[in-house]
Structures are given as C-alpha cells and as structure tokens.
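> Quick note, the sequences are listed as chains P and W, same order. Note that the numbering used here numbers the first sequence so that position 298 is 298, with each residue one more than the last. Note that the numbering used here numbers the second sequence so that position 255 is 570, with each residue one more than the last.
Everything labelled a hint here was simulated from the structure, so no lab data went into it. Certain hints may be false.
Quick list of in silico lysine-lysine cross-link-like pairs, DSS-like style, CA-CA up to 25 angstroms [what the hints assert, rightly or not]:
1) P:Lys112 <-> W:Lys359
2) W:Lys359 <-> P:Lys70
3) W:Lys344 <-> W:Lys359
With the Cβ distance kept under 10 angstroms, some of the chain W side facing chain P (calculated, not the full set) [what the hints assert, rightly or not]:
4) Pro379
5) Leu543
6) Val586
Every residue, glycine too, gets a C-beta built ideally from N, C-alpha and C.
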Amino acid sequence: MLAYTDRIKEIARALLTDCRVELVIGFRKGTVPMMNEPCFINSPDEADQLVWDSNCGINLANYLANRTEKIGIVAKGCDSRNIATHIIENKIGRDQLFIIGVPCQGMIDRRKVNAMFDGEVREVVESDGLVTVRGADFEKSFEKSELLQQNCSVCTHRNPVIFDEMAADPVDEQQGVDRYADVREIEAMDPQQRWDAFEKLLAPCIRCYACRNACPLCYCPTCFVDEARPQWVGKSQNPVDVRTFHFLRAYHCAGRCTDCGACERACPVGINMRVFTKKLEKDCFESFGWEAGLSPDVRPPLDTYRPEDPDDFIK
Amino acid sequence: MEMIKIDKKDWNKGLDRSRKTYRLVGPVKRAGEDLAGFYELADKEHPDMGAADTVLSAKSVVYPQTEVMFRYTTDKNSPDCNRLKRPAADYSPRAVIGIRPYDAAAILMLKKNFDTPDYRDPYWCDAYEACTFVGLAVDAPSSTDFSTSTGSGPFSEKGLDVLLVDMAGHYLAKVLTDKGAAYMKAAGWQRAADAKAAAQQIEKKKKAAEALIVSSVSFDKIARKSILDLYKADFWDDVAFSCINCGTCTYVCPTCWCFDIQDESKGKTGVRYKNWDSCMYPLFSLHGSGHNPRGTKTMRARQRFMHKLKYFLDKYDDGIMCVGCGRCVRSCPVNIDIRRVCELMNRYGPDPDACAV
C-alpha cells in the first residue's frame, strides 16, 4: 500500500505538467501520528508532498462539491463511490475529474490505537501489513487487520468503482463478510433498550457537527439545524435537539451513504453515529438490493419511481 | 508562599471533608467516553488524577456550553408578566480539582472578555468567583503540548489558587492565594512542608517536565506585521483547504469564548440561552440581510487564526490567545495544526528584525 505513494506522485505530476487538470486533491503527511491532511497541489513541483498510507481515512469526495475546475483526485473505494454519488447528484461533472484510483486495504482506527495504551502514542509506522506503535516507553507491533476502522473491516468495495488511472493493481475484495452484525444487535433490542442505547450513545455529543461536515453527502447550502426561518431545531445541548440532529442527518443519508466512516472518524468525542446510517444502508440493501455509489449511471432507489414497484403504497 | 504536604492516603479523605463547604469538580470518566472530562463529582466520586488530559478543556466549569440567561412570561395573569427572571443557580463555593495549569491560564484569558471595566458578564463572573482552582502540575507533557512557548507551561501558576505537584507518595501543595488557603483548611490538609526544600523539589520537577516539551511556537514577529498583510497572505487557501468548518477546534479550545444567544418560546413563556458558538460556522457571521461577510471557509479559518494570533495580541499586548494545550491539534478531524499556522504567520513577509541595507 505504501508503494502507491510513488505512483500517485507520478500521475499527479504528469497531470499537472500536461495541464490536464488545474489541481490535484490528495493527502500530505500529517503532523500527528495516524493523521494525514487533505491538500491540493497545483504545480508539478508540489507533487512530492503527496503521500498514501493507512491514515488517509478522510473522504476526499467531500472536497469536490460545486467546484468548477478540472480536478485530479486521489480516490480509494469509498471515495470513488461518493464521487459517483456526487456525479448523480450534479455536484460535480464526470468530465471535470481525473480519478486516480487507489485500491485500499483499510484505514487504521486512530481512536482504537490511542485507547490501547496508557501513555501517548508518539509514532506509528507500517510496513508489509505490520503496524508498529511506539510511545515514550512502549513499542508493540500488530497485524494491520487488527487495527482497522470498523467500517473498513467489513468493507466489500475496496477497489475504486470508477477511475481514470489506477495507482496499483486491484486488491482482492473481502469475501463472506457479515456487514450488519452490529445493526442486527440494535434491531433485536426492544424499544426501551434501543432508546436507552441511543441516549447513551449520544450523551457525549457537543454538536460540533464534525460528523456532518466530514460527510461528502452533507453539502446543503443551509443545513436544517442551521435554518433560522423557520427554526426547526433548538441549538442548546437539550438532548431532544441533539437527538433530532443525529436522527434526521441519518435519514438524509438514506440510500446515499457508502459507510466510508468519515463521520465516526471525525468525531472528537468518539460517538459511533454510523449505527444510524448503517441501519438505513442495510434497509436499502435488503429492500432494493441497493448499494450507494457503485455506478454514476444508476439513480438511487429513493429518487426513482417505477410503475412496476412491488409495494402497494405507491399505487 | 505556604507549602503543604498531602499524603496520598489523606487525599480522598480530605476531598470528602471539603465537600461540607465545597462542591467538587474534577476529571472523571463518564459512560461512553474514551477519556475523562471535567464534571461535578457525585457524592462518593473522586477525580481521576492519573488520567490523560481531557478531550474538552475545563472551561465549561465556568462557561457551560448551554446556559439559561433568563426566563420570561407574557401571561398577563402571572405576577411575573413581562419580567426577565434569571434562574436561581448554585454559586456556592466549588473547588476545581486537577485542572491543568494551561487550562487555568486560559480561564484568565476568558476573564479578559467576560469581566471588563465596561461589561461584567454576571453568569461567567459569578461562576468564576465561586471557584477555587486546585491545579495539578503536568509531569509528562504530551507531544502536542507547546504551553511553555505561550507563557503558560506544565508547572505554570497562572490562574491557580493551589498548585499540586505529584511526588509519588504524596502531593506537595503550593498555596498561591487566600482562596487556596481556605480550601486547604476545609480539606484538613495543614501539614506544612519545609518550604525551602519543597521549593527546590518542585523546581527540579518543573525543569524536568519543561525539558520533555517537544513542541513550540514563535510569534515574536507577528505584532510588528500589518494586519492587512497577514490578512491578505497567500497561504490561507492552503491552510484552509482541508478545513471542513466543524466546530471541534473552537469547542475543545480552553480560550475560545464566543457564544450565541437563542430564544426558545412556547405559548406565552420562553427561555433565553447562551450557547457556545464557533467562528467556523457560516451562521456565526451571517447578517439579517442575508449577506455573509465571512462567506467562504477560507475566510472563516483565517478568522480563527487571526483572532488568536494577531488581533488578540494587538489588542491586549499580552501574548497570543492560546495556551498551547494542543487539544485542537489532537482533535482536528483533518489535521489543521495551529503550530504550523503560527509559524507561517510569524515568517510571512519581510522580516521586521532584518537589517535595513
């Protein structure tokens, strides 16, 4: 996976040298362990800044909405699905993009790694599927598969679904993955248990909206929680308003969410709000056989009408 | 300056004794959280003095994220019709145990905003005056701690009433104010330590802790640069590109003080709240006309850094509006790093110290 970096740099440099794009969106090395920073470069000399490793969990499709330039963009599986979704939703044109496809083997769960050690994690190095975590007075190596973000561990679309050039050969997709074990656990609860579980889940929320803003789907010019005329949701820490935000945000993502994990990764207080979006993702899969963003040419089930719809309510 | 030795076996007992006259606040882990936060302690609860630093700062102790300012009714049958009534709140003495020195220094920065010769925010000031800050010196600063270069530091006494230094079997308590002395008395910690020896031990630990600091910022040239030059600098697009305009940096920050005022009414009654606000939000500067003078994310990200590192510095001539706790560096979902931005600003344009040729 680390060897991708050189190939990404080469492709980006060539694109900018030949003026085929105005900028390339990718990652540069971060300033703290397990973090890289999304960046853009607009000259071939800057291509050396670009990096790729298992700390590129931010979904770069988030940086595309409404841009007007010709853009090169580095995209792993989930990013590419959100790019496809953007294309369907007219947030960017396919002809504006040169997609540098990156086969992905999952991203490291930063929070999980930090929580494993009492002391501060100072350095995380990976090589050949092995990840070594170092602190001032400890060092431990792991198989990368032990440290993956939960969404990556159940991902079945690691390879980009659309691309113009691949940075490497495709990787094997994971087979026989149980994608929805966590959702079924919640479905099995009775309403009171579920209510309690959601209350506990959302208790630490500080309404910083990092989950919403890290999500490529959340591009509304004015979000319903920010709307003032009329004001739909209160702005205090009242649990009713906090819940309203999370539940409604999830519904707005129904049939669009790719479970890229950007929301959970962004949360400063460690809330797994993916349980909401994933339930809707599961419903879409089970009801319509739908997985979001697999093609820019197929419209999602929740914005299509078919006369032959098997359900009665529509007739 | 009085030095007191507190045996660790007397620690919880002293805290419990002080509960007769103080409400206690301290770092504890609550359900669903990875790390501790500052909360009012329940009856048998004791602060987790060994915990890693809290994700959120201790500012909420004096400045809660949501606070009711007043309630009102327009019901003509009510004796309180058309009166704005500040709700009763508990401003009895509270002791903030285990606050980090940089967080205490930050509370003094907040004071510059909430307690001025012209305006006194009663909510903030009443809470502040109720507090006694019993800080814990930081022995092992994190790699993102740059507090020594902001005028604070792992053993800083700014804003504290007592500084505790962990000496393994006991704490050495440096009593800094009358408020601090009153708390020590209430806790029954009265065993004087040899002042000279204790001061030496503390100094040694302080030097050791400061030597462990690996991060720093320089802002020595920023005061002499023009606001407009920095405002128009060419690096803002690069700095702000990754910014998703969430409120994380401002909410985890111990020095960010901006708030929004909201009315919530139902029928004839209503409540006015103060809520933390964030300059990262488009709504923060949206005018009633619909115009937004900070209409792009680059403008908003620039505002945050310009306020902290330039406007504040120019206005108060007392350093930057940052205590170097490193929380925003650790929590930013996209790794925007104030240390890098401060460096860019400090180095931008002609060097004011360069020799004229």
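> Now, for every hint given, state plainly whether the structure supports it.
Now the hints, each set against the structure:
1. P:Lys112 <-> W:Lys359: Distance ~30 angstroms between Lys112 of chain P and Lys359 of chain W Cα, so the pair is violated.
2. W:Lys359 <-> P:Lys70: Status violated; Cα separation ~62 angstroms.
3. W:Lys344 <-> W:Lys359: Distance of about 14 angstroms is within 25 angstroms: holds.
4. Pro379: Hint holds; Pro379 of chain W Cβ to chain P Cβ min 8 angstroms, cut 10 angstroms.
5. Leu543: 25 angstroms, violated
6. Val586: 9 angstroms, holds
When each numbered hint is compared with the structure, violations occur for hints 1, 2 and 5.
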